[in-house]
Amino acid sequence: MTAGMAVFAVSCTAKETGARALHKDTQLERFLAEVERRALRIAEIAVRDRDEALDLVQDAMIKLVRSYSGRNSEEWAPLFYRILQNGVRDWHRRQAVRNRVMVWFQKAKTDDDDYDVVASAPDPIGRSPDEVLQNSEAMQAMEIAVHDLPRRQQEAFMLRTFEGLDVAGTAVAMGCSEGSVKTHYSRAIHALRDKLGEHWQ
Amino acid sequence: MKKTDEKMAEQAKEAFDRSVDGLDAATLSRLNRGRQAALAEAAHSHQRWLQWMPATGVAAAVLLLVVTLQGPGDLDVISAPGTDLEILLGEESIEMLEELEFYSWLDSQELEGDGDLG
Numbered sequence: 002m003t004a005g006m007a008v009f010a011v012s013c014t015a016k017e018t019g020a021r022a023l024h025k026d027t028q029l030e031r032f033l034a035e036v037e038r039r040a041l042r043i044a045e046i047a048v049r050d051r052d053e054a055l056d057l058v059q060d061a062m063i064k065l066v067r068s069y070s071g072r073n074s075e076e077w078a079p080l081f082y083r084i085l086q087n088g089v090r091d092w093h094r095r096q097a098v099r100n101r102v103m104v105w106f107q108k109a110k111t112d113d114d115d116y117d118v119v120a121s122a123p124d125p126i127g128r129s130p131d132e133v134l135q136n137s138e139a140m141q142a143m144e145i146a147v148h149d150l151p152r153r154q155q156e157a158f159m160l161r162t163f164e165g166l167d168v169a170g171t172a173v174a175m176g177c178s179e180g181s182v183k184t185h186y187s188r189a190i191h192a193l194r195d196k197l198g199e200h201w202q
Numbered sequence: 003m004k005k006t007d008e009k010m011a012e013q014a015k016e017a018f019d020r021s022v023d024g025l026d027a028a029t030l031s032r033l034n035r036g037r038q039a040a041l042a043e044a045a046h047s048h049q050r051w052l053q054w055m056p057a058t059g060v061a062a063a064v065l066l067l068v069v070t071l072q073g074p075g076d077l078d079v080i081s082a083p084g085t086d087l088e089i090l091l092g093e094e095s096i097e098m099l100e101e102l103e104f105y106s107w108l109d110s111q112e113l114e115g116d117g118d119l120g
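In the order they appear, the protein sequences are chains A and B. Numbering-wise (this note's numbering), the first sequence opens with residue 2 and increments by one. Numbering-wise (this note's numbering), the second sequence opens with residue 3 and increments by one.
Chain B with its partners taken away, still in its complex shape (with noise of 0.2 angstroms):
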């Protein structure tokens, strides 16, 4: 670059700085309050991941423990829903849920002969 380049890229930024020294205090007062705007929320992004941090440990640590304390040869435990599953979809249910009225007319004519007899 010549010198005269030099010189007036010189010039140039010595203009600019003057002017941006010179930012009137209403100007300053505005930009103060977008970059606190800009900081809250970046404070409000940690706070929310910071408010998750115990939370998670401790959900970590009980697990950790659970799975210490109960070792492998509990894990037939995890099997009962199954057995659950299958009361549920035998054919039993299905049956008392297609007479869920007769059984429902049955238990209020219990409960009619209950109160008779007292």
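Pulled out of the complex, with its shape left as it was, chain A reads as follows (with noise of 0.2 angstroms):
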């Protein structure tokens, strides 16, 4: 009788196990759909090459899901951003390293030249040529400016500001304190301001 009470607990146990692992899949996949395409955007911007940022979105997505999916919901968007800005920086570390090594055999070429902000835009969804450029020149100034940023600033201007991040949670996603956060955020909305005067009034 013990034996069968056991097995019976233990195959009522893998059941809950599978339906809450069920229950968290759903919230994963709602999770991942709903960040991944800002998120590539902000890698774009860090990165300055789509199918760069775009391997660097998956495997953020791929990190978060194996090492953090146990984790409350709450807690992934911090935790997805600070997997991903590992990586972008990670790909800073080793384009720098690459460009070394290409100016050693005189073929230095940065990968800044061989993109086109405008080529790259994103197709437009109805609207009119005239807003799609104004759009498109708006982004364009506004990229160049946001990646020329000191990495630190640049990681808490778009944590902050595109992805909505509180304090908190852009301090856990860039590991730092939450003064850090304030004082890189308020330096690079400085920064923009002096830089985008123009464009952006």
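Watch out, some of these pointers could steer you wrong.
[To be verified] Covered, in the sense of this in silico footprint (three residues per stretch, anywhere, with C-beta under 8 angstroms from a C-beta of chain B), are these stretches of chain A: (1) 28 to 36; (2) 50 to 63; (3) 185 to 194.
No lab work stands behind these hints: they were computed from the structure. From the three backbone atoms N, C-alpha and C, an ideal C-beta is built for every residue, glycine too.
Two chains, two frames, a set of hints: combine them into the complex.
Okay, structure coming up:
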């Protein structure tokens, strides 16, 4: 009898675990579907290459699912962006090494040279050509200005403004204190205002 | 934060959101594939875990059953392998191993003898 009860208890636990896992998977899918497009654009502004940005976002999704799917869903956004920002930082490190090697072989060419912001701009939906051009120009100016910010300021600005994370969430994503987030964000805003003054009034 | 700064941040957010809304179909498709690949990995890891759940449960139940039925009185059965070990490590066994060729020859002689008899 005892053994029978033990088997029953284990099978019940297995069913509950399976149901919880399915529920988590649904939540995860919803979260990733919500966050993936903004994450792609944030990564794209940081690395200025859509293909690379797509790879970075996919890696971040896999790592989140693999390591943090068991966490509360409220924690996913900061954790996801922390993984993504780490990926972006690693990408820049690899690029720096690659560029040094390319310079050594007299083939110095940065990816920025190949990147045409207008050509890579998203396809317009239901807007007149004038609107598209204005938006595209404004976005191009903003992308360049944000890309040129120091790395930490860029992260703080994009996470706070584009993704809408609060100060605490941004601190988790950046792996620093809330005070540092406020400082980086404030400096980013001032730098952007100085650069974009003529485009953004 | 100054009002002008807030306004600039709002404008930047609006431009960013428009660029997100305008992502082309090919890019959205690639994002979708990436998401599905990530989720498939999660489902796979859940399945791996769930696959072992029934087996672990049955093993635990069987162990529980054995312990319950046997009770502490039968535990001296466990000492049986110890006796075998003593025999294996005994002097006689080593002697037999040392003279294995002799015993093999003796065995073949006996077989031949049996053949002669038959």
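Here's how the hints hold up against the structure:
{"no.": "1", "hint": "28 to 36", "result": "holds (count 4)"}
{"no.": "2", "hint": "50 to 63", "result": "holds (count 6)"}
{"no.": "3", "hint": "185 to 194", "result": "holds (count 5)"}
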